[in-house]
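Chemist: Mind the numbering: the sequence shown is residues 172 to 581 in this note's numbering, read in order.
I should point out that these hints are in silico values taken from the structure, not numbers from a laboratory.
In this text, all values refer to a predicted model and were calculated from it rather than measured experimentally.
A few of these clues could be false.
[Unchecked claim] Below, simulated DSS-like cross-link-like pairs (lysine-lysine); rule was C-alpha separation at most 30 Å, straight line:
(1) Lys-546 to Lys-514
(2) Lys-431 to Lys-546
(3) Lys-457 to Lys-361
(4) Lys-454 to Lys-546
[Unchecked claim] Okay, the calculated beta carbon distance ranges per label pair:
(5) Pro-190 to Gly-252: 40 to 48 Å
(6) Ile-446 to Ala-318: 45 to 53 Å
(7) Cys-197 to Ser-386: 19 to 27 Å
(8) Thr-531 to Pro-240: 50 to 58 Å
(9) Pro-530 to Asp-578: 21 to 29 Å
(10) Phe-545 to Pro-576: 19 to 27 Å
Even glycine gets a Cβ: it sits at the ideal position worked out from N, Cα and C.
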Amino acid sequence: MISYAEAICILRASASTGPTELIDTCNAVNRIMADDFHAPFGLPRFNNSGMDGFALRAVDTISASISTPVSLPVLRAQAAGDPAGKGVAGNAVQIMTGGAIPDGMDSVVPIESVTTTIDASGNVTHIRLTSPVPIHDSIRFAGDDFADGQCLIKGGTRLQPAHIAILYATGTIRIKVIAPPMVSILTTGKEVSDTYQKPLGSTQVYDSNTPYLISALGTAGIPSSYAGHVGDDEARFRTLLTEAAPAQILVSSGAVSKGKWDFIPSVLRDIGAEILFHRVSIKPGKPVLFARLPNNRYFFGLPGNPISTVIGLRFFLMPLLRQILGMSEETPEWAQLAAPYDKTGDLRLFLKSHVTTDPTGRSVIDLLQGQESFKISPFLNTNAWAILDETPRSYNKGQAVMYYPNDLLR
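Could you build the full structure based on these sequences and the hints that come with them?
Modeler: Here it is in structure tokens:
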């Protein structure tokens, strides 16, 4: 049996960043950026108005006051998208939000800050100001948002809608992302049923592990499929290992412990797989197995209890996937315990938890009741996993402990 830290080192050393693919930017949410993205131009691309109003020279308004207002002729009206054109000293140009600032003009006065004279056609011919306009007022300058060549998105970033917006703002409609590996899932145990439309036998349970794994991987943008159920049939398991060939990662639930029908370790050895670790000093999920198959695919054998499978995905499969996707190693968060806790035994604990923020802004973590690995109802209220290291100790209320959110890729 090895420590969790040793297992993570083995996982990260076992994989390198996967291949890339070019995809439409609109389909890139939850995908992983392959390379740093540098702005092909600055934004705004040109000086433009931040208000509906009038572009002018600030110097032409210096003498404006209530007693001595300044009147400026309006040369023209300029919409957003019109050429900037030229300004003329002592004059103004009516301008709309986003309109290019005319050459020679350095300020914009909002329309509500002036008195206008309007001709019979509805055009503004003059404006009157009763106070000076500060220089550069209401102007959005070129490059004020980001500069030409600025790194906007780092490689390894999980793309979200905000990233999509900035990519489209730079006209980037295709991007290079890491191609996610395909995951294939199989189940074991004659007590497990995957025929949900049929009533259970008296000693059977429905398979909840496969639907969980597929849906959870989907939230992380990882494609997966169900390879099938092998029951306690070793020959069927061998066959499925071959049939699942397109998948780069195979995941099973059950049959990895020390029971009579826990056949997966022996079958893996028989086919020439390299078992990189089997049994890690954690709870739940201690029997977890990781192997490299002869065709250089990866195999995870997860314990069959539902929460052990959840832990196997969150804290073993995901670190490997992060490595393949070119992401940095995940860093933990910290929160203060809502209640004291006595830890016994020398295993690292992964505890169902719920994190909230108290009125002072502190993160508080509540270790939930029902920590047994077969209990899935407490998982409904779980938004984080508290991690207590191998050392037996008593934890005090308010003591800081490490945790990881449920979010698989962050």
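Chemist: Which numbered hints does this structure break?
Modeler: none
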